[in-house]
Amino acid sequence: MIMTVITRDGELQAAAMGDMRWSEVAKEPGKFQAGLSAEPGQTIKVVEVPDKFGRIYADPLGLMAELGAELKRRGLL
Amino acid sequence: MKATGALGVGAGIALTAGTTAAAETESDHGTNAFDNALAPVIANAGVTVSWAYTFGGADLGVQFAGPNILPPQNGARHTILDQGKSITAAGFVTYFVRIRNDGPGQSVHNLEGGGLT
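Read top to bottom, the protein sequences are chains U and G. In terms of the numbering used here, the first sequence opens at residue 1280 and continues consecutively. In terms of the numbering used here, the second sequence opens at residue 316 and continues consecutively.
There may be inaccurate statements among the hints.
[What the hints assert, rightly or not] Covered by chain G, according to a simulated footprint, are these stretches of chain U (three or more residues, beta-carbon under 8 Å): (1) 1291-1300; (2) 1310-1319.
[Stated by the list, open to error] Taking lysine-lysine pairs in the BS3-like style, the calculated list, with each CA pair at most 30 Å apart, reads: (3) U/K1324 <-> U/K1310; (4) G/K400 <-> U/K1310; (5) U/K1331 <-> G/K400.
Just so you know, these hints were derived from the structure itself, not from any lab. Remember, predicted model here, so these are calculated numbers, not experimental data. Virtual Cβ for every residue (Gly too), placed ideally from N, Cα, C.
Between the sequences and the hints, there should be enough to build the whole structure, so can you do that?
What follows is the structure, encoded as structure tokens:
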């Protein structure tokens, strides 16, 4: 599954389901749209992760740490 | 000016089960309101999340957005840092808001807000 992750200095800071990058979603006239922009020093990436991270909203404490470890392992942080 | 628009989901924005992004809004240069909008973001304590949003590029006057804090809430506190608005030469209007998770731990939020005029 696809997630959007926000990182800073090699650490995972925030995550959301799907592609939430502002420049990618703001394409359709007449529709309410929103997305995430990077703060100074932040990086926004869209990554493909195992489906188990779909439970991240129900278990943020556990799965954020696990997501961060997964991204580090894959060299994405 | 009075217009009725549908609050829809843009391309690439996913929703979790149980959240609702579709709603009818009535706009009178900005009296539209939205709640529980769009895919939630989970952020660590101390992290600022920067959002941009648009109503199809329309200028709806002064808009205000803030965090709709979702479960698990656990005393979560968010601070709204800045509200902003930009307009291109072609007249496409984008609104901005920065939201900081002030802890005590990780927290989940999406957007709620509406017009002030």
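A quick look at each hint next to the structure:
no.: 1; hint: 1291-1300; in the structure: holds (count 10)
no.: 2; hint: 1310-1319; in the structure: holds (count 9)
no.: 3; hint: U/K1324 <-> U/K1310; in the structure: holds, 24 Å
no.: 4; hint: G/K400 <-> U/K1310; in the structure: holds, 17 Å
no.: 5; hint: U/K1331 <-> G/K400; in the structure: violated, 37 Å
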